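Asker: Using the UniProt record's numbering, read the sequence shown as starting at 1 and increasing by one per residue.
A portion of the hints provided could be inaccurate.
No farther apart than 27 Å at their CA atoms in a straight line, the calculated lysine-lysine pairs in the DSS-like style are these [claimed, not checked]: (1) Lys155 / Lys102; (2) Lys82 / Lys106; (3) Lys105 / Lys61; (4) Lys55 / Lys89.
None of these hints come from the bench; they were simulated from the model.
As the structure is a prediction and not an experimental result, all values here were calculated from the model.
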Amino acid sequence: MILSKKVRLYPTEIQEQKLWQSVGTARFIYNWTLNKQQENYKNGGKFIKDSDLRKEITLMKKTDEYKWLSEVSNNVAKQAVKDCCNAYKNFFKGLADKPRFKSRKKSKPSFYNDNVKLKVKTKLVNIEKVGWIKTKEQIPINVKYTNPRISFDGKYWYISVGIEKENPTIGLTDESIGIDVG
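Generate the whole structure from the sequences, applying the supplied hints.
Answerer: The structure is reproduced here in structure tokens:
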């Protein structure tokens, strides 16, 4: 069973700048991926795999024009590509509308942090290439984390994490119960 935990973050000014940089990178890569897929589709091509797009981003990071992409975690860009490709796959299956570009003003500022590199201490969380950030409450320690996302709601920064817990098995008793419906 996976339970979610959303905790408020207290970043310093420098950390907040890095968080905004990560948000901007995630939005840029998502829009870049969406543009690539749309151009490819207009030219009669098939769906581009996310692994091919990630290889192209790695080459982009080596150019002077896109050198700033290396200032944030590489997992931010990888997950933005994956999110865009999943949005297209859901569109093709008929589960969702056609993916749209993310606006700087209207879209929710958020990005992904790798669950393997997420480190938690007492009321502290380590976000890759941002550093240790204070939290309002304790995130459970020594558990497996899934899909950690950092988001901004207009006033505060939050981290939401899925936490895997075992389902408690309850033994059956030999007692019975009767209910009168009528």
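Asker: Hint by hint, note whether the structure agrees.
Answerer: So, going through the hints one by one against the coordinates:
Only pairs whose Cα atoms come within 27 Å are accepted, and Lys155 paired with Lys102 is accepted, the gap being roughly 20 Å. Restraint check: the Cα-Cα separation between Lys82 and Lys106 comes to about 21 Å, which is no more than 27 Å; the hinted pair holds. In summary, the hint linking Lys105 to Lys61 is supported, as the alpha carbons are separated by about 26 Å, within the 27 Å threshold. The straight-line distance between the Cα atoms of Lys55 and Lys89 is roughly 20 Å, inside the 27 Å bound, and the hint therefore holds.
Consistency with the previously given hints is maintained throughout, with no hint failing.
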